[in-house]
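A.B. asks: Chain by chain, the residues run as shown.
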Amino acid sequence: MNEKIAAQLQAEKSPLPGRLLLTVIILVLLIWSSVGIRSTSAVGNGMAVAAGILKGICTPDLEFLFDFSSQGVPYLLLETVCIAFMGTLVGAVIAVPFAFLGASNIVPRGVALVSRLAVMAVRTIPSFVYGLMFIRVTGPGAFAGLMTMSLCSVGMVSKMYIETIEDLDKKILESLDAAGCTFFQKIRYGILPQLLPDFASTVIYRFDMNLRDATVLGLVGAGGIGAPLIFAMNSYRWNEVGSILVGLILLILVIELFSTRIRNKLVRG
Amino acid sequence: MRRGRTITLPNGKTVERPPSHALLTAVLLAAAAAVSVQVTGFRLSVLTEGGYRFFDILKQMVPPNISYLDKVWGPLFDTIKMSVLGSAAGAVLAVPFSVTASSNIVKNRAVISAVRIFYSIVRTLPTLVTALIATYIFGLGTLAGTIAIGVFTFSYVGKLLYEQIETVDMGAYEAMEALGATGFHAFLYSVVPQILPGYISNCLFCFEGNVRYAAILGYVGAGGLGLIINEKVGWREYDKVGMILITLFGAVVVIEFISHQIRKRLT
Numbered sequence: 001m002n003e004k005i006a007a008q009l010q011a012e013k014s015p016l017p018g019r020l021l022l023t024v025i026i027l028v029l030l031i032w033s034s035v036g037i038r039s040t041s042a043v044g045n046g047m048a049v050a051a052g053i054l055k056g057i058c059t060p061d062l063e064f065l066f067d068f069s070s071q072g073v074p075y076l077l078l079e080t081v082c083i084a085f086m087g088t089l090v091g092a093v094i095a096v097p098f099a100f101l102g103a104s105n106i107v108p109r110g111v112a113l114v115s116r117l118a119v120m121a122v123r124t125i126p127s128f129v130y131g132l133m134f135i136r137v138t139g140p141g142a143f144a145g146l147m148t149m150s151l152c153s154v155g156m157v158s159k160m161y162i163e164t165i166e167d168l169d170k171k172i173l174e175s176l177d178a179a180g181c182t183f184f185q186k187i188r189y190g191i192l193p194q195l196l197p198d199f200a201s202t203v204i205y206r207f208d209m210n211l212r213d214a215t216v217l218g219l220v221g222a223g224g225i226g227a228p229l230i231f232a233m234n235s236y237r238w239n240e241v242g243s244i245l246v247g248l249i250l251l252i253l254v255i256e257l258f259s260t261r262i263r264n265k266l267v268r269g
Numbered sequence: 001m002r003r004g005r006t007i008t009l010p011n012g013k014t015v016e017r018p019p020s021h022a023l024l025t026a027v028l029l030a031a032a033a034a035v036s037v038q039v040t041g042f043r044l045s046v047l048t049e050g051g052y053r054f055f056d057i058l059k060q061m062v063p064p065n066i067s068y069l070d071k072v073w074g075p076l077f078d079t080i081k082m083s084v085l086g087s088a089a090g091a092v093l094a095v096p097f098s099v100t101a102s103s104n105i106v107k108n109r110a111v112i113s114a115v116r117i118f119y120s121i122v123r124t125l126p127t128l129v130t131a132l133i134a135t136y137i138f139g140l141g142t143l144a145g146t147i148a149i150g151v152f153t154f155s156y157v158g159k160l161l162y163e164q165i166e167t168v169d170m171g172a173y174e175a176m177e178a179l180g181a182t183g184f185h186a187f188l189y190s191v192v193p194q195i196l197p198g199y200i201s202n203c204l205f206c207f208e209g210n211v212r213y214a215a216i217l218g219y220v221g222a223g224g225l226g227l228i229i230n231e232k233v234g235w236r237e238y239d240k241v242g243m244i245l246i247t248l249f250g251a252v253v254v255i256e257f258i259s260h261q262i263r264k265r266l267t
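Going down the list, the sequences are from chains R and B.
Residue numbering for the first sequence follows our numbering, starting at 1 and increasing by one per position.
Residue numbering for the second sequence follows our numbering, starting at 1 and increasing by one per position.
For the record, the hints were derived by calculation from the structure and aren't laboratory data.
Possibly wrong hints are sitting among the right ones.
[Stated by the list, open to error] Using C-beta positions, here's what the derived DEER-type ranges look like:
id, chain 1, residue 1, chain 2, residue 2, range
1, B, ARG53, R, VAL267, 39 to 47 Å
2, R, VAL93, B, GLY74, 35 to 43 Å
3, R, ILE106, B, LEU196, 30 to 38 Å
4, R, ALA200, B, VAL254, 28 to 36 Å
5, R, TYR75, B, GLY51, 26 to 34 Å
[Unchecked claim] With a Cα cut of at most 30 Å, we get these calculated BS3-like pairs of lysine-lysine:
id, chain 1, residue 1, chain 2, residue 2
6, B, LYS107, R, LYS265
7, R, LYS265, B, LYS159
8, B, LYS159, R, LYS170
[Stated by the list, open to error] To spell it out: a stretch of chain R is covered by chain B in this simulated footprint if at least three of its residues, at any positions, have a beta carbon under 8 Å from a beta carbon of chain B; those stretches are:
id, region
9, 130-137
10, 249-258
C-beta atoms are modelled at their ideal positions from N, C-alpha and C, and glycine is treated no differently.
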């Protein structure tokens, strides 16, 4: 028995050279990347700022946090949620044609490849550039933010849609055919029930992400809670920063709780 | 819960149709959409009338300024370096935290929920806000961006990792412990081989996304491509912006291709 094991061990290639090579590659990559990391401005009061932020989060500006006028945290959060919601919805609709054109079991490979490259190109443009483009169309404000969110969502949403479409079970369509169903009945009872739960799950997940990313929009004046946050930081008003961050964290935690539940239900069917 | 409709078939059997939530969902969605349209001032007419202006900037980007390419390489590699180092640091740091957050390894419920709440809170911080805070603490430059990416990777990979550890087959672990191995050795030789491919795959996936994120972070002064995009947009030199974006697109395509190939072999 032992001889057999020894022979088997002899026959197998030693994993050592491969592992050594991998280690060297990773080490080289890490060293290469750490050489370039620097901070250009002198930092004297870094710790003081960190302490200020922590103190601000622990002692948020309560008046600002519970100010229900259009300048208060609750309204800003509502605006952010609305931007993310409509943005996700519009993005989810735009992504549908891209997804069907990118699914290799529906269209020829060439078309699928072109469509996927187009989606990648759409994804590559950073969100604040889109923000600037849309401000020309709609003027500054929440509307521009909404459109930016929607274009930024298209990439991921259509990628996940494509995976769902490529997993379609075609046997169900054949059996519906055999039962004498019409074209629309086949779509209604054969395709939609397969696609909708996964599509909905994707969209809800993306809504979660968009809520987090919505702060980016504030930078270019496209509405939401980002702009007040950045103004407060630039003028070192840490209590205000604290109240915005507390509000944002609570909001995202609550929404994540709900969305995870809904998605679990959708997946189990 | 509502009961569904019962249907009697011709042969006398009864089947129950599951209750449908379609109406409720539709009403809720419509209400949420109505509120959102109200708050954000969404108007289709504005889009149809002014939509062409969206392409104003895009049109000025073509033809891109090829001669500017020389100056793009530096920031592009900065961006890639930031994502490589940030992803690696975040992913490594996530390992001990995720092990502590897995209910099949650690038996103390208080510890588990403490680590998980910590993860949730870190995950809620938008990357751009982390980067902004990092620029205040560590100064402007790529270090701040690297830290922001590290924090994001930490929370993202960490959550996936503890979920993965919880689903491993614990039989091998128990067998090794029964043979007298310490908890650490049992973990190293029975759990690690099961989670390693998935973990590396998640890290690579996260890295792909991080390259894109890293390009935005320059906007708050955290180094990389965002810095020069922001600058050139400010000066309205859109042909140079076009060149930067094309280079970024090329880099992203190459990185995604390599990482996709590796991930395919892993699983």
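A.B. asks: Confirm or reject each hint.
C.D. replies: Hint-by-hint comparison with the structure:
1. ARG53/B - VAL267/R: 39 to 47 Å: holds (42 Å)
2. VAL93/R - GLY74/B: 35 to 43 Å: holds (40 Å)
3. ILE106/R - LEU196/B: 30 to 38 Å: holds (36 Å)
4. ALA200/R - VAL254/B: 28 to 36 Å: Since ALA200/R and VAL254/B have Cβ atoms about 34 Å apart, the given range 28 to 36 Å holds.
5. TYR75/R - GLY51/B: 26 to 34 Å: Holds, since TYR75/R and GLY51/B (Cβ atoms, about 29 Å apart) stay within the stated range.
6. LYS107/B - LYS265/R: Cα-Cα ~28 Å, so holds.
7. LYS265/R - LYS159/B: holds (20 Å)
8. LYS159/B - LYS170/R: violated (35 Å)
9. 130-137: holds (count 5)
10. 249-258: holds (count 4)
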